[in-house]
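Residues per chain, in single letters:
2 protein chains.
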Amino acid sequence: MAPRVVKQARAERTRAAVMLAAAEVFAENGFSGASVMKIADRAGVTLGGVYFHFRSKEELARAIVAGQPEFVVPPEGSHGLQRAIDVTRTWARQLAESPMLRAGARLVWEQDRFMPAGENSHQQWTGLMAADLQSAVDDGELKPEVDIQAIARMIVNACTGAQMHSYVETAHEDLVDRVEEIWRCLLPALGVSDECKGIKGIGRE
Amino acid sequence: MAPRVVKQARAERTRAAVMLAAAEVFAENGFSGASVMKIADRAGVTLGGVYFHFRSKEELARAIVAGQPEFVVPPEGSHGLQRAIDVTRTWARQLAESPMLRAGARLVWEQDRFMPAGENSHQQWTGLMAADLQSAVDDGELKPEVDIQAIARMIVNACTGAQMHSYVETAHEDLVDRVEEIWRCLLPALGVSDECKGIKGIGRE
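First to last, the sequence lines map onto chains V and Y.
Following the numbering used here, the numbering of the first sequence begins with 5 at its first residue and continues without gaps.
Following the numbering used here, the numbering of the second sequence begins with 5 at its first residue and continues without gaps.
Chain V extracted, bound-state conformation (with noise of 0.2 Å):
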């Protein structure tokens, strides 16, 4: 490799080192109990080693919260009210092992201190789930009267809820479950039509 390319690459592992040594850092001290001197001690690089990546707490914490579904991939192929359901069991089968997620859960509590308002995490999972919910619509999936906006709405706040109590309760050990049980009492609201009986994952095949 030549130098450059030597240099460039080093770069990224030190970036892609201070983003998880801050993800560990928000998870367990939220963003108010974390600091930068922190989590450089943490990722072992130099105060000037992180500040050369980002220039704050703020833009860590911004993002950690912006890149949260990346972290969430749910099984090639799953779409419509299928991949809308597979994205939010992938989410919480991987909440309790990933420090990105456990610091995306921590920190939504805070986003108004770094996050531009429009752009919290409730508002981009909206976004994501409504987007899923209408092409379960437009595949003939869902009956095309269902709210979207308000049941995609109604899932982030649920997950949410249910996220918070698992932790408290399991430290997130039962978190599946949890929404699992969230999709099968609201499938009888969705108006899902004789197309989606096969739908996997919401606890009872």
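To be clear, the hints were calculated from the coordinates, so they are not data collected in a lab.
Watch out, some of these pointers could steer you wrong.
Reference listing, derived: stretches of chain V covered by chain Y, where coverage requires no fewer than 3 residues with Cβ under 8 Å from a Cβ of chain Y [said to hold, decoys possible]: (1) 8-20; (2) 110-121; (3) 157-164.
For every residue, glycine included, the Cβ atom is placed at its ideal position computed from N, Cα and C.
Please build the complex by placing chain Y on the supplied structure of chain V, with the hints as guidance.
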């Protein structure tokens, strides 16, 4: 009044003042950011004055969380499904104004530090919701095959999530609308019978 009665009344006033001050301090700083000293200062009493009534910061937080339902009084005469809806709407309407309810909301995340297992706010509210929904089934408002416990958990989850997102986006100003939307989404899943057509407070009147 006899001196002992005067003393008793004064002690009760002090206790109430300490509770209120604690609620304000918890609402602003969370559990870990609060201290008994801050609470004493806010209440205008000595440290000894606080410890006369509450053994610790934990005991204060427990009293506030355990007392939440007392601060949420639905309209007289409402029962069954209407009462379940009214309880959530009353809570949503009062949250922005009530230090006790704001403290309860703020402490959800940290309650594993001070609530005994099995007595947290999620279980407390789920029990209350389930009781109202059971009355609704008994009165023929809801179909008996509805999974009361699952629906109760769903409502508490969704209200918790709505509360957090409403806090971040509008300082709780639009919480009543969000709670009414939850019920609007969920009602078709509840197997509501014809007796229940007159239901109020879900934002469609």
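Hints, verified against the model:
1. For the segment 8-20 of chain V, the stated coverage by chain Y is violated: 0 residues have a C-beta nearer than 8 Å to a C-beta of that chain, whereas at least 3 were required.
2. With 5 residues bearing a CB less than 8 Å from a CB of chain Y, the segment 110-121 of chain V meets the requirement of three and the coverage assertion stands.
3. Requiring three or more residues with a Cβ within less than 8 Å of a Cβ of chain Y, the coverage given for the segment 157-164 of chain V holds, as 7 such residues are present.
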